[in-house]
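**Student:** Listed here are the chains, written in short residue letters.
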Amino acid sequence: MRVGVLGIGKTPHKIQHSKSLRDLIVEAGRGAIADAGVSPSDIQMLYVGNVGSVGFNYENSTGLMAAHHLGVVPAGAVRVEAACGTGAWALHLGVVAITSGLYDTVMVVGAEKMNDLATVEATSIIAQAADSKEEYFSGLTFPSGVALTARKYMQVYGLTEEDLAHTSVKNHHYGARNPYAHLRFECTVEEVMKSAKVADPLKLFEVCPMTDASSALVLCREEILRDHPDKPQVYVTASQMATGTWYASTDTLDDAYRLFNEPATRAYAMAGVAADDIDVAEIYNSFAIQEPLGIEGLGFAEPGEGWKGAADGSTWIDGRVAVNLSGGLLCKGHPLGATGATQAVDIIEQLRGTAPEGIQAQDPEIGITACRGGPGAVGAIHIYQRLEGE
Amino acid sequence: MTVSAIEFSRLGPPKLRLYGMRCSGCGDISPWWEKFHCYKCGNDKLTEVFLDGRGTLTNYTVVYYPPRDFLGQEPYVVGHITMDEDVLMPAPVVDTALEDVQVGTRVKATLRRMKLGHEGDIYYSQKFVVDPDAA
Chain X
0 MRVGVLGIGK TPHKIQHSKS LRDLIVEAGR GAIADAGVSP SDIQMLYVGN VGSVGFNYEN
60 STGLMAAHHL GVVPAGAVRV EAACGTGAWA LHLGVVAITS GLYDTVMVVG AEKMNDLATV
120 EATSIIAQAA DSKEEYFSGL TFPSGVALTA RKYMQVYGLT EEDLAHTSVK NHHYGARNPY
180 AHLRFECTVE EVMKSAKVAD PLKLFEVCPM TDASSALVLC REEILRDHPD KPQVYVTASQ
240 MATGTWYAST DTLDDAYRLF NEPATRAYAM AGVAADDIDV AEIYNSFAIQ EPLGIEGLGF
300 AEPGEGWKGA ADGSTWIDGR VAVNLSGGLL CKGHPLGATG ATQAVDIIEQ LRGTAPEGIQ
360 AQDPEIGITA CRGGPGAVGA IHIYQRLEGE
Chain H
0 MTVSAIEFSR LGPPKLRLYG MRCSGCGDIS PWWEKFHCYK CGNDKLTEVF LDGRGTLTNY
60 TVVYYPPRDF LGQEPYVVGH ITMDEDVLMP APVVDTALED VQVGTRVKAT LRRMKLGHEG
120 DIYYSQKFVV DPDAA
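These protein sequences, in sequence, are chains X and H.
With numbering that gives the first Met the number 0 applied, the first sequence covers 0 to 389.
With numbering that gives the first Met the number 0 applied, the second sequence covers 0 to 134.
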């Protein structure tokens, strides 16, 4: 399977009080359309990933609103929602739309505008992406549910909090070099350890900020991109989805492993590559513990070993596989519906060789994104390859 | 968690007693929210079974940034309690200093005010305290 990436666009990821949800969508969307060199009328279908506009922004029908303001009417348009996996799901539907043969050119947008509300309100809205009615009756929140996973991981594999802190140090090293990132500062293990407690054992530097952003892609049939040899020849070569545990309390470490490992195994087979072939990876890490879990699920390390790469250098830019050179969600922030699309755009920039200075890997050819959502409910894997002259 | 008064009438009262859902197929007890089928074996015959209210704290976190309905209680402990009937319950652990909360502590359920709804409605439910009989 090959789906051409004709164009990409994204907004800065930060708090943007001067911009509305539609401003962000149009900024990213127009960027992708311009990069693709198409006109809005060439777009035949629009998938808009957005988690919480009803709550965050008091507006609904985000897909239809986006179609109007992007000027892609009368293309079909729909809003896509799958918790934090939303942007990746929008991408999956875009890929399916092309590979089905129904459409030649489609657009995928991910967007979230989270900072119009106070933190306590936004936290409550985010909690609705899990079982807010029953399980969260107990006082759990998203951070605290993941904190329980972190403590479990530490107990089972004998880790200290300092061991886990290396993941934040690595992400912030690169986030500081990404002009599109929300948090742009470097930190040490000691500074991670001293940062404010959010949900014990998770600390502030191990938790993503709430961010306003949008990212967009224009996808096309393989032949269309082949007909434009002047454009970077980057293709989506695998797209695989999975569901897992809906409840944080009954989500085991084995469940967390399977959430990525099963779709990743299918994706490697689909693309005809192996885990060892991957040069660059963007792995969901709204909380630091999720990065080692993702590294293990993708087959880059054995269960219980995924945290070591940030400490020994093997997941840094010149390591065996470069993980989260964008700074990850820990630095970019986690604009819920945008995140999966942003991961895709970041990897495509890497394969095009257009990532910002200081975070561009050395000539990568194969990249992967792993996005997850809900306590352990969504796993989404995409593989991308630069295929010049084939 | 924002709920309507009508939803409150559905959600609130069942939480006054501590219960799990026993599967007639595999016999395992699942948390109370598994109403439709056993998530372990798939059997859809489940019956409520009241729990004795004692268990062991097997995992915990301290919440410093609560959702709106728990505002004012922070920082508070939410634990995973493995009940003596071998079912996991997430619930607040109260009346204990944060530094004294430990994995392995024996705890028992107690009926408390859990939180406030957005219309001023008061939710009562089971929280847990250190079991004084366990020492």
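I should point out that these hints are in silico values taken from the structure, not numbers from a laboratory.
It is possible that part of the hints are untrue.
[Claimed, not checked] Covered by chain H, per the in silico footprint, the following chain X stretches (three or more residues, Cβ under 8 Å):
{"id": "1", "segment": "5-19"}
{"id": "2", "segment": "121-128"}
{"id": "3", "segment": "192-199"}
{"id": "4", "segment": "213-227"}
The beta-carbon is built from N, C-alpha and C at its ideal position, and this holds for glycine as well.
**Student:** None of the hints should be skipped; say for each whether it holds.
**Tutor:** Verification of the supplied hints:
Under the rule that three or more residues need a Cβ within less than 8 Å of chain H, the assignment of the segment 5-19 of chain X is violated, with 0 such residues. Judged by the Cβ-Cβ criterion of 8 Å, the segment 121-128 of chain X is covered by chain H as claimed, because 4 of its residues qualify and three suffice. Three residues within the 8 Å Cβ limit are the bar, and the segment 192-199 of chain X against chain H gives 5, so the coverage statement holds. Counting residues of the segment 213-227 of chain X whose C-beta lies closer than 8 Å to any C-beta of chain H gives 0; at least three are required, and the coverage claim is violated.
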